[in-house]
Amino acid sequence: MNFLLQLLNGLQIGSIYALVALGYTMVYGIALLINFAHGEIIMIGAYTVVFSIQLIFAGTDIPYVFAIIPTVIICTLVGMLIERLAYKPLRNSPRISNLITAIGVSLLLQNTMMKVFGAQSRSVPKIFDHKPIEVFGANISISTIVTIVVTLVLTISLQIFMKKTKYGKAMVATSEDYGAASLVGINVDSTLTLTFAIGSALAGVASLLYVSSYPQAAPLMGSMLGIKAFTAAVVGGIGLIPGAVLGGLILGILEALTKAFISSRLSDAIVFGLLILVLLIRPGGLLGEDHKEKV
Amino acid sequence: MKKKLLSLLLAAIMIFTLAACGGGSTDNDSAEEADEAVTDSDGETIKIGQIGPQTGEVAVYGITALQGIELAIEEINADGGVLGRQLELISEDDKGDPTEAVTLYNKLADENVDAIIGAITSKPSDAIATNSTEDGIPIITPTGTMASITEGKDNVFRTCYIDPYQGEILAQFAADSLNATKAAVLRNTSDDYSNGVADAFIAKAEELGIEIVGDEGYGADDVDFAVQLTNISQNNPEVLLVPEYYEKDVLIAKQVQDLGMDVQIIGPDGWDGVLDVVDADSLESLEGVYFANHYSLDDESEIVQNFVTNYSDAYGENPSAFAALGYDTVYLLKAAWEDADSTDYEATIEALKGIELEGVTGNLVFGENNNPIKASSIIVIEDGAYKFHESIIVE
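Protein chains in written order, with numbering that gives the first Met the number 0: chain A, 0 to 294; chain B, 0 to 394.
Just chain B, with the same shape it has in the complex:
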């Protein structure tokens, strides 16, 4: 009896863990890539390869990024192209899968593209980056945040900032704008993103003289945070960092409110989208939350407003941060080719390293490991809407 029960229990746990992991959908749609020839000008075109998910679970990220890229290419071509040549986009669907991405990378390399934009999600980006070092094709991932993608790879760049950088930005914000002296962290211990932001935040906050009075964790499937929050509230922090994606953020914010905690919640870009998943009645629990994002829709600078208007005219929706990063990536390549006055791989890479570009997602300069050093927009949730609060750059 003892063994039977135990083995039943163990079997049940194993099966259910598997079941929980196996929820992913496989999209078997044949990958019919619409190879888009944007133009048929008389001169030779500059070919930009693009790899990103257009179908499957993470398709929404890939599609919005691609729309940003297409918009930029249209604008540039209408304006006469780059170095007198038109841009041609060859976009491929990796379905968010690293193996698929490598196959597509090889295909694009055989076609002698002048640069590759991709991939969109972190793991495929890492896979093609690792494969690309020998060919030396300039590669820019607009949105891959994993630190290893660009590490030690001379030809690989990224437009977005990496996870730890967001932690530093938030620490700077807590110190300078919130004048915090005591902060706490509630992190998802099973998630790289959450840990990356939390660790960097703690290191930077301590450097800036903020005392970390709580560092609590939870697992990926948890929905109850009352215990951790009760522990945190014993030490009365002024600021609580919640490095998590929006679905969980809603639950955490509600429980902070239920416990009657008087604490300022701050978070990284995972909070973007939180207003779409919260019920109107519960909006007040999110009121006043600050989070970092790549750009803000209502940033009043001209370049942002032009982008927002053109994008919503073209696609009938407001551009996400993914679209903005895709858009900036094309302009990065344009600037690099113009600086180098050629599309030669090595010359382009050299030019990218020295580039300075004012983009939609901030002023772009590349630093160590080809990671951008740029400002981050701090967004505040006010009256149930996102509002641009200020721009922060880590000194």
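Isolated chain A, as found in the complex:
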């Protein structure tokens, strides 16, 4: 019983890691850039949830979950803006410049938000206003169920989008070769912007689900979440959509089981140690191949 409960706890946090990892893996798979600012987009999403509920939804009959609309819009815009202003001018520079820029953007966003809204965290109203559901005597919160379902639905639709639509195919082509893709008439610039737009929209969804379980928005909330999700993406095989989900769920479940049955104080050390082991055995990640990176 306890084991099952803990497994569910792991699935809950794991599906959030998975959702965030999807954004990392999308951008890496196509633009070959580790977008360190991804965690900060989630932070901006969380603030958007807070403010849109306070300014628009409070006092009306609209359920708070509709805050997803402004949140996804703002996150997408911010993601596209970052790509256009910070990454596009450096497209032909060495990769390390891009990496440093990404870190710079991440710090810039953190500190700007801290200056504007203060270092204190903001509380988020209850988004899913339901009592926990009882299954076999265990209480499962609504947000856990919603998070898991949404993650699965998004993964599958993303996979279909990449494989079946023209835009998806253009993305795959761009990821294989910028030059060749533009030769056959693909607009590389807008394809890359679209990649960031989708990645950031996913971050918007993730931020709403995140604050529905952990109802606080704070300027630094994205950094640790970002590291864990990035780790999940790498473990699953970065650049691979199913890999991000697998990595996220494994990370969440490993964390939960370590905390529950080994030690809640050493869990990070043990979990990250295990993950290094995984990478030593399968350097490309669980689903990755050793030399090819693609979406």
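Each hint should be verified, as a subset may be incorrect.
Unchecked claim - Dumping the calculated DSSO-like pairs for lysine-lysine here, alpha-carbon to alpha-carbon at most 27 Å: (1) K114(A) - K122(B); (2) K168(A) - K87(A); (3) K386(B) - K125(A).
Hints are computed from structural coordinates only; laboratory data are not their basis.
We have chain A; now place chain B onto it with these hints.
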């Protein structure tokens, strides 16, 4: 490929850890201290030096404490001063930085102040305390809770209680008032405050016959406590100690509620302020939580009510525990100077050791290592507000 990925991952982790740590702001405002001469009476004034943050990240603590101190000095001066002399406050801004605090300490020592109130945060307090032992200036920190500040330093006192003492108070409360037989602890393992309270609670609780059925930990950046709470709930404790500051307290209380746990949450003074950071919809998760604090706004004793009224008249806000501790500290010095009938350093220190003062934050007597032995107010959260529950003292 293997190496590349690994080194990328490691680099990322290192950079981000650094980034997370580097969030602190540096305030470069030139330290223009407003040296306040409260009075220009004909006799020589008694000079009180004060060190605390007025700018920077922890400014809010320093400013409220200073307001409490200023209020007490005004009251005393209006009442004729101490030993027929008026009090003069020289306040300095350490920005919460230990190095800065030591520089300011040396400056105040050169000015031959009669006593120093400070610092406000623990590390600067520890720094000036260590530097002060040779000069022998009486120093009282109103709010520095770190145990080492006063340890083995004859001239250094504090007005607040230390972290472990709160753990003992809470254990006493759990045993006497809640009649608990089984308790659990959920602590932040990377925080001295959390560990200090938790360890003392466990030791005292076991002494009082409470069985500790769970002691779980988490890291500073964690937001998910479901696993630890699930483990704890397997053993059905009646009381759960959460030694943590208010921002995390909100998350923990919500998850306790989400898991449908039937447990009484208790906590130390870090819970004070929790109602400012919780959304109205989530208030019910905090309902019925008990926490220890230095004093309570609605304690009905006359001295507390006078203080609250005067403070809110002067500053337009309710006094925090920091303000109350600052206020009491000035009265401690006044009582010591009057007992000693002089402001001589050694005589003042001797007088402080034997003092007994009824203050806003409780009855003050100094015990081992110049730490106060005093009652703690237990506050309960009821109908979305703090209510004074009872006063507890460790026997």
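For each hint, the structure was consulted:
no., hint, in the structure
1, K114(A) - K122(B), "holds, 25 Å"
2, K168(A) - K87(A), "holds, 21 Å"
3, K386(B) - K125(A), "holds, 25 Å"
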